Amino acid sequence: MHLDQLMVDIGDFGWYQIAIVACYLLTKIPVAFTMMEMAFTGFIPDWWCDSTTSDLVAYDNNATSYLVNNGNISGLNQCYGSGNATNCTRVFDLSKRTIVNEWDLVCENRWISFTITTVQMSGALVGATVVSYTGDRFGRRRTLYVIQFLHIIFLGISAASQSWRVFAAMRFGIGFSGGATIVVSFPASIEFVGKKWRALLGAYPVWAGTSPFLPLVTWLFPNWRHFKIIVCIIAFPICLGFFFVPESIRWLTVKGKLEDAAAVARNIARRNKKPIPNTDILELVAEDERRINKTYSTYSHLDLFRNKRISLITLRVWFSWFASSVSYWCLILGVQNMSGNFYLNFFQVSIVEIPASFIVLLVVNRKRFGRRWSVAMFNIGVSVGAFCAILTSLIAPPEHKAYYVSICAMVANFCSTCSWSCLSPFTAELYPTVIRNLGYGSAGTVTRLGGIFASQVISLAVKGGYVPYVIICILMTIDTCFILTLPETRGEALEDTLNTEKTFDHTLSEVNEKLQTKTELEKHNV
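For the sequence shown, my numbering gives the first residue as 5, with consecutive numbering after it.
These are computed hints drawn from the structure, not numbers from a lab. Please note that a few of the clues may not be correct.
Across the chosen pairs, the derived CB separations fall in these ranges [unchecked claim]:
| no. | residue 1 | residue 2 | range |
| --- | --- | --- | --- |
| 1 | Glu-492 | Leu-348 | 39 to 49 Å |
| 2 | Ala-26 | Lys-200 | 14 to 24 Å |
| 3 | Arg-169 | Lys-200 | 45 to 55 Å |
| 4 | Pro-402 | Arg-313 | 50 to 60 Å |
| 5 | Arg-310 | Asp-108 | 47 to 57 Å |
| 6 | Val-388 | Lys-277 | 44 to 54 Å |
| 7 | Ala-164 | Leu-488 | 50 to 60 Å |
| 8 | Trp-223 | Arg-169 | 25 to 35 Å |
| 9 | Arg-313 | Glu-291 | 19 to 29 Å |
| 10 | Pro-49 | Thr-119 | 13 to 23 Å |
The calculated DSSO-like cross-link candidates involving lysine-lysine, where the alpha carbons are at most 27 Å apart (straight line), are [what the hints assert, rightly or not]:
| no. | residue 1 | residue 2 |
| --- | --- | --- |
| 11 | Lys-278 | Lys-200 |
| 12 | Lys-312 | Lys-199 |
| 13 | Lys-277 | Lys-199 |
| 14 | Lys-278 | Lys-199 |
Computed from a predicted structure; not experimentally measured. Here a beta-carbon is modelled for each residue, glycine too, at the ideal position from N, C-alpha and C.
Throw the hints in and build the complete structure from the sequences for me.
This is the structure:
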């Protein structure tokens with residue numbers, strides 16, 4: 005049972021629904037800043053040694069710095085031996101104020117920066133897992149904005165932290181709220197629009213459009229504490245969306261809150277200048293849910309494996325998100341390994357994702373491609389790019405190898421972004437409302453595991469530069485086969501109840517037939 009016809013009646017994608025969707029999706033902006041900020045907050049500025057000992061002298065001529073220790077010379081930013089490291093008083097270039105020069109996180113303390121990043125990713129994993137449950141249990145709106153409020157608190161405490169230990173604890177909280185926001189914001193947004201607009205929301209480049217501004221903001225505010233305050237200022241008005249956006253009509257209906265759901269539907273129709281809609285469908289959907297789940301008890305992750313069909317969908321979706329995450333982060337790490345201006349490099353890597361998001365709109369809604377073939381087609385593009393990178397690594401002339409490999413990696417990264425933009429709405433559409441946040445959230449959890457695994461894949465490049473590309477080819481090939489076995493959701497109604505007797509073959513005629521029967525019975529009783 006579904007509410008797609010009601011979505012059309014109240015505006016489909018009217019201006020008020022656009023405003024609601026914007027409020028939900030804009031919550032990703034501060035999250036995008038904070039999830040990627042460690043590239044700048046953990047940046048290692050130039051440093052050199054200064055010492056009061058007679059055999060240790062430091063020179064700085066703004067171009068190179070040298071450490072002279074009994075005739076032994078080491079270059080700028082060079083650790084000169086773990087045994088003597090404590091004898092060196094390090095002096096940092098203060099043109100960039102990062103946590104590295106704040107707490108001396110180089111040489112014997114370098115492990116701390118890596119640990120902080122790992123703590124953040126662990127927080128994102130936990131956040132995605134927890135919110136996949138709370139979003140379905142307590143509602144999309146309440147969960148999302150509580151998480152946003154916590155995000156501001158973690159940012160504020162982090163900006164005032166006086167030790168790296170407090171900072172690391174706050175990074176866990178920031179990762180937690182960031183991972184949770186990503187998981188709940190998109191499923192919430194698609195529940196307000198008609199079926200032909202869901203793919204548009206998946207391709208809307210909120211994250212990609214925010215990323216290029218990150219190097220600009222950090223360049224203007226090179227002090228890491230100031231940067232966090234700026235993000236807090238950006239996040240605060242976004243949190244005010246709590247007082248503007250309503251709860252999901254679909255969620256209210258399946259939870260039995262029919263009066264609230266009808267009120268939201270009428271309010272949206274009124275603001276979109278549409279006639280007052282017939283909300284009888286809400287009762288039918290609620291009745292369908294009561295028949296399946298008589299007590300409105302809480303769904304859990306076990307319901308992702310309630311029957312064979314849902315189980316197979318879940319397993320294939322998990323593998324797809326894992327494979328996409330490994331491929332994406334491996335390619336990003338490879339592309340960022342380039343010389344030149346740090347801020348400009350990050351901008352170039354980020355800006356390529358914007359056209360990739362818009363290209364998705366040209367294919368994902370077309371009947372010839374749909375959701376399945378769109379994801380599969382871009383997966384094939386990733387595999388081809390990675391395969392070309394393998395061949396280039398093996399046969400290209402040494403003097404041109406790095407250049408050609410970078411081009412192949414950029415092509416693969418472009419296709420990877422397109423694939424992920426198609427995969428997001430596809431995943432949300434595969435699950436009914438009652439477990440949509442659970443399904444989408446569990447996929448987000450698997451994504452974090454893929455990101456952790458990607459760092460291990462990159463380490464294999466030490467033994468052979470093409471090894472990560474081999475793994476990408478294998479994962480993307482298997483994933484393409486799995487994707488093509490999933491049911492197509494383009495043009496299909498968005499299911500609301502976990503009806504084990506039905507699949508995606510529901511049509512609006514079935515709903516209209518039930519409504520007509522209900523109306524005839526009411527007339528007969530009168």
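We went through each hint and held it up to the structure:
no. : hint                            : verdict
1   : Glu-492 <-> Leu-348: 39 to 49 Å : holds (42 Å)
2   : Ala-26 <-> Lys-200: 14 to 24 Å  : holds (18 Å)
3   : Arg-169 <-> Lys-200: 45 to 55 Å : holds (51 Å)
4   : Pro-402 <-> Arg-313: 50 to 60 Å : holds (53 Å)
5   : Arg-310 <-> Asp-108: 47 to 57 Å : holds (53 Å)
6   : Val-388 <-> Lys-277: 44 to 54 Å : holds (49 Å)
7   : Ala-164 <-> Leu-488: 50 to 60 Å : holds (51 Å)
8   : Trp-223 <-> Arg-169: 25 to 35 Å : holds (29 Å)
9   : Arg-313 <-> Glu-291: 19 to 29 Å : holds (22 Å)
10  : Pro-49 <-> Thr-119: 13 to 23 Å  : holds (20 Å)
11  : Lys-278 <-> Lys-200             : holds (19 Å)
12  : Lys-312 <-> Lys-199             : holds (26 Å)
13  : Lys-277 <-> Lys-199             : holds (20 Å)
14  : Lys-278 <-> Lys-199             : holds (18 Å)
In this structure, none of the earlier numbered hints is contradicted; all agree with it.
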